[in-house]
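Trainee: Make one complex out of these two single chains by using the hints.
Here's the letter readout for the chains.
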Amino acid sequence: MKEELELLRQMVRIRRFEERCAELYSSAQIRGFLHLYVGEEAVATGVLSELDPQDSVVSTYRDHGHALARGVPMDAVMAEMFGKVTGCSRGRGGSMHLFDASHRLFGGNAIVGGGLPIAAGLALGHLMRGEPRVVACFFGEGAAAEGEFHEVLNLSALWRLPVLFCCENNQYAMGTAFAKEHAAADLALRAGSYGLAAWSVDGMDVLAVKESARRAAEEIRAGGGPCLLELRTYRFRAHSMYDPERYRDKEEVAHWRDLDPIDRLRNAMRPEFTDDDLAALEAEVAAEIDLAVATAEAADVEPVADLTRFVTSEVTP
Amino acid sequence: MKTTYREALREAIRDAMRRDDRVFLMGEDVGSYGGCYAVSLGLLEEFGPERVRDTPLSESAFVGAGIGAALNGMRPIVEIMTVNFSLLALDQILNNAATLLHMSGGQFAVPVVIRMTTGAGRQLAAQHSHSLEGWYAHIPGLRVLAPATLEDARGMVWPALCDPDPVLIFEHNGLYNLAGELADDAGPVDITRAAVRRPGRDVTLITYGGSLTKTLAAADDLAAGGIEAEVVDLRTLRPLDSDTVLECVRKTHRAVVVDEGWRSGGLSAEIAARIGEEALYDLDAPVRRVCSAEVPIPYARHLEEAALPQTASIAAAAREVVRGG
Ligand SMILES: Cc1ncc(C[n+]2csc(CCOP(=O)(O)OP(=O)(O)O)c2C)c(N)n1
Ligand SMILES: [Mg+2]
Chain A
1 MKEELELLRQ MVRIRRFEER CAELYSSAQI RGFLHLYVGE EAVATGVLSE LDPQDSVVST
61 YRDHGHALAR GVPMDAVMAE MFGKVTGCSR GRGGSMHLFD ASHRLFGGNA IVGGGLPIAA
121 GLALGHLMRG EPRVVACFFG EGAAAEGEFH EVLNLSALWR LPVLFCCENN QYAMGTAFAK
181 EHAAADLALR AGSYGLAAWS VDGMDVLAVK ESARRAAEEI RAGGGPCLLE LRTYRFRAHS
241 MYDPERYRDK EEVAHWRDLD PIDRLRNAMR PEFTDDDLAA LEAEVAAEID LAVATAEAAD
301 VEPVADLTRF VTSEVTP
Chain B
1001 MKTTYREALR EAIRDAMRRD DRVFLMGEDV GSYGGCYAVS LGLLEEFGPE RVRDTPLSES
1061 AFVGAGIGAA LNGMRPIVEI MTVNFSLLAL DQILNNAATL LHMSGGQFAV PVVIRMTTGA
1121 GRQLAAQHSH SLEGWYAHIP GLRVLAPATL EDARGMVWPA LCDPDPVLIF EHNGLYNLAG
1181 ELADDAGPVD ITRAAVRRPG RDVTLITYGG SLTKTLAAAD DLAAGGIEAE VVDLRTLRPL
1241 DSDTVLECVR KTHRAVVVDE GWRSGGLSAE IAARIGEEAL YDLDAPVRRV CSAEVPIPYA
1301 RHLEEAALPQ TASIAAAARE VVRGG
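Protein chains in written order, with our numbering: chain A, 1 to 317; chain B, 1001 to 1325.
Just chain B, with the same shape it has in the complex (with noise of 0.2 angstroms):
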């Protein structure tokens, strides 16, 4: 079938709250205004106002409600409308969603699902277009998913609301309108581990959410200049699936971690720690790493784009490692 990104998250919501009454949406304008991406629109119509609940702008109270609610039976789906709000609801996400379990000694388990937009690309400046996903996956008890895929974004969401702990998926921007086909039986989706999206024996780079796509199209790049470059989508950004990536490294020697994130303490760090600490002697290159310039995401085209990686940015930085640059 033909689908989108958005109409998979969309079937993915739909189906969940089908299977299981337990399971609601609510956040800003996902109920009469379809949600501000359109993910949530016609929902309202087929499962009514108790279940797709538009919230206030109160992003702190709405986020801790779905906890609450989650404590308490019910098993939301909260969406916030981008990361860059959901730093309002950080308090609520880290030191209840994340630690309840933990500190009443295991009796209070938290199933919530929160899913957000994250990214730049669509010349929305600094308070629109970060992308803070790797800050919320230095955070213990959370699991952070990044679909990038369509068959990700129709599958996630159900294996989320079955894990009995908070989980946050990010949206990339530039992804909801991706298109293309879904088999019609596509469901549920393994989210505990890394898939391999091209094989390739000269250079493992590893990326996630929308950065993927970029990623693909620079190891396109790389082949047509007789360079076989492997692709490794992430997909789980906590915990890492670092058996994946690690093995990867061991055939190829050599790696480029792509992500839109700040470089300085983000998951690109996380991941060549790693693969410092894992797979050194295995290494013929330095890891590289190709992130977003550390400043603020500037309005000017110009400027957003040489802010953010880039497909040539990346088969450069690919083709440095490979040829000793």
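Looking at chain A on its own, in the form it has when it is part of the complex (with noise of 0.2 angstroms):
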């Protein structure tokens, strides 16, 4: 029950969190693009749950969630979100690049398929290190057609590095439903078919998503070799703020609503879990996503003179 707990404060934040996002963007506080992740919490909540903070992850520009669930504070994510200097990535970043060295969460990353590669660098440093970690790559089943992905789970099953990778198959990639995009429907046999223990999870029970990811991890740790997670999920939301969404119809998004993965772990929770106590944790999400707003709305931009700050580093050789 107190993990379920943790899992459902945890899904619950993100989901208010990118709701308090979206009518942000609709009053301009927020802008650039906007990715939301409603409706595929389970997964982040999942698979986060089951790493070590010295483990690394590694995610794309749909990244509240993954930033949120790793444990990064949510007023550093808020600060990022409005562009100030006290954001996780000091306001250069924005949404779609989330970082946080302390929480090892190295990047979201706006290039589809962008991010596999590092993943399978960081995995070579633990390995080379011999450390038992674990590097959780989330990507989209859209960058499952990028070479990146191709070369990367050859390379990574060829050299047994930790990988875990977690493929968000949320059935679209922008417009593009999957069958449109990949001739084979079996993202576990592909990736077994390179070589690596691949199997597909139901992305909407944060049960199984927790599950899955544990015994993937421990495989990992052991040496095993990279693991890829098929997470079958759906995004409630536009694919970013403009979409008009032309591509679907509305019973397919009333379908995937009604398996909601926080309506489905809250009910699991029954009867312990009251309706109070819903309402509990409920208004003290509200007030951590309040106090973020407030902070993030005071907190100061990066003065113009340091706008070239960064570009190379700091210590001179």
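Think of the hints as simulated: they come from the structure by calculation, not from any bench.
None of these values were measured; they are calculated from a predicted model.
Ideal placement from N, C-alpha and C gives every residue a C-beta, glycine not left out.
Please note that a few of the clues may not be correct.
Unchecked claim - Covered stretches of chain A (chain B as the covering partner; in silico rule of three or more C-beta atoms under 8 angstroms from a C-beta of chain B): (1) 136 to 147; (2) 175 to 181; (3) 275 to 284; (4) 300 to 310.
Said to hold, decoys possible - Here are the computed distance ranges between Cβ atoms for each label pair: (5) A:D277 x B:S1313: 54 to 60 angstroms; (6) B:G1265 x A:R9: 29 to 35 angstroms; (7) A:G121 x B:E1181: 49 to 55 angstroms; (8) B:M1074 x A:N154: 29 to 35 angstroms; (9) B:D1190 x A:G121: 44 to 50 angstroms; (10) A:A101 x B:R1301: 24 to 30 angstroms; (11) A:S313 x B:R1323: 38 to 44 angstroms; (12) A:A185 x B:H1138: 38 to 44 angstroms; (13) B:G1068 x A:A287: 55 to 61 angstroms; (14) A:R248 x B:G1226: 57 to 63 angstroms; (15) B:S1264 x A:A183: 27 to 33 angstroms.
Mentor: Take a look at the structure:
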């Protein structure tokens, strides 16, 4: 029950955080692209609950859930969305580029597939130092069409790199449905053909995700080489904030909304976890978000004089 | 007729597809999604999925396939969502499209057209905001176009398709909503020459693409202060129309180059060098450049604005060269 409660809290945090972000986007306090993870929370939450602080994480532009579930403080994430110097990337990255060295979050990456080679390299570092670590690398099913996916899977399997590839199959790459992207339907089979252990998981069931991540991480830490999880999920909202959603019908969205991972866990926690408990959790999360917004609003922006900092390192050789 | 840059491009593609059934469009989400900047909206319905082809997220594969189809008698228009993602296809563009004709001793020309969005200004941060057209302009074998007006958006696609060699078209993201009047009979334009967008006698401002609007605004500001700036729109970044640039500089004796690309090793360096090589003794002041700051473009609005050429910085540079700053 304690474990479930933690998972529920995390998913609710991510959901409410993003709902607030959508509002702040409408009021132009958040700009740029904003890709929401609403509907997919069980994936980040389940996988990252099995990682240790010394493990590493590589994300995409749809990265709020990964950052929050990894433990990056919400006010640092919110400040980043506001472009403030107190943001986790000092306001330079924005929504798509959340970084946090202290949580070994090596970034949201806005090039589809761009994170996979980096994950392989992070894993190589762990491997060469003999550390029993895992690199969790998140990417969409669309990324599985990029050359980098194929190159990296082969390389990682060949060198037995400790990467946990987490393919978030939310059925669409922008407006392109899975079947229009991939000739072969089974991503786990495809990964298997490169010599990885790979299987599919119900990505709307956080307990199933957690259990699969636990098994995979255990094998990887034991030196078994990389694993790939195909996490079957769905984004409830638009690809980003600009998306007329001409490519899918309302019934399909409604069907998946019925599988909402938060409702599902909450229902599994009945009757011990009462409606009052839920209300208390929601209130706690709302307070955290209010504080994060207030702190972000009050924070300073980076002085323009610092524009050219961090182009190269500040220590001279 | 009233139109927008986006609609003018769409009309150009539609017109080309009607004129020549070898022409087809392919790229990510060009079909049912209508293109990530909605340029191809409606074309799937009109031409069908054979000629408006959604591709997987595989830039290297579909750009290379465009090259192959061009080698085999087709006239593909390949859309890459943005120049940032074209780097995944850079190998195909440079090592195949730009070199096959030469390596094959003249046997295999590659009549492919590759369109992509470029530029910053929408707070999309460093992986979505760069202006790399200058890199492509470095490559022999390519023609590189930068339409900055409704006429050019409408008129460049067809001549690009008629070019026997690869043509890259860069569309600045800030231009798609540009609205205005376009002649009902607007059609193909010359893609070999730069254009003087505003005549002037005191200084020549040389620019292209998304910076044209800012540069024209700067010229207006300068005029209010008694400085008559000439504005040259390069239009074609490779091969460069040096003649037009030099002619203007010889007349005004002063030049400022405005480029959203980075300064070091960029297109602005090439233009300044050509002026130095060919017109040094016509100059009354050193050539100045207004480029993006040498940083990956940041997200925060004030930092992004500070990183890009702006009307004020363009006007300030022009005043400096005119008044000896
Ligand atoms: C190399 C590259 N090509 C295209 C894009 C534009 N783009 C951004 S997200 C996206 C869809 C990716 O789909 P998927 O990998 O399934 O991830 P999802 O967005 O569904 O989480 C596209 C085409 C990009 N960012 N990078
Ligand atoms: Mg997807």
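Trainee: Decide, hint by hint, whether the structure agrees.
Mentor: Here's how the hints hold up against the structure:
Under the rule that three or more residues need a Cβ within less than 8 angstroms of chain B, the assignment of the segment 136 to 147 of chain A holds, with 5 such residues. As drawn, the segment 175 to 181 of chain A meets chain B at 4 residues by the rule of a beta-carbon pair under 8 angstroms; at three or more, the given contact holds. Counting residues of the segment 275 to 284 of chain A whose C-beta sits closer than 8 angstroms to any C-beta of chain B gives 0, which falls short of three, so the coverage hint is violated. Three residues within the 8 angstroms Cβ limit are the bar, and the segment 300 to 310 of chain A against chain B gives 5, so the coverage statement holds.
Range check, D277 (chain A) to S1313 (chain B): about 58 angstroms between beta-carbon atoms, so the 54 to 60 angstroms window is met. In this structure the hint that G1265 (chain B) and R9 (chain A) lie 29 to 35 angstroms apart at CB is violated, the actual value being about 51 angstroms. Against the hinted window of 49 to 55 angstroms, the Cβ-Cβ separation of G121 (chain A) and E1181 (chain B) comes to about 54 angstroms, which satisfies the hint. Between M1074 (chain B) and N154 (chain A) the C-beta distance comes to about 32 angstroms, which sits within the given range of 29 to 35 angstroms.
Our hint of 44 to 50 angstroms for D1190 (chain B) and G121 (chain A) holds, since their Cβ atoms are close to 49 angstroms apart. For A101 (chain A) and R1301 (chain B), the Cβ-Cβ distance of about 25 angstroms falls inside the hinted range of 24 to 30 angstroms, so the restraint holds. For S313 (chain A) paired with R1323 (chain B), a C-beta distance near 40 angstroms keeps the hint of 38 to 44 angstroms intact. With their beta carbons about 42 angstroms apart, A185 (chain A) and H1138 (chain B) fall inside the hinted range of 38 to 44 angstroms.
Take G1068 (chain B) and A287 (chain A): their Cβ atoms lie about 59 angstroms apart, and the range 55 to 61 angstroms holds. For R248 (chain A) paired with G1226 (chain B), a C-beta distance near 59 angstroms keeps the hint of 57 to 63 angstroms intact. Range check, S1264 (chain B) to A183 (chain A): about 44 angstroms between beta-carbon atoms, so the 27 to 33 angstroms window is missed.
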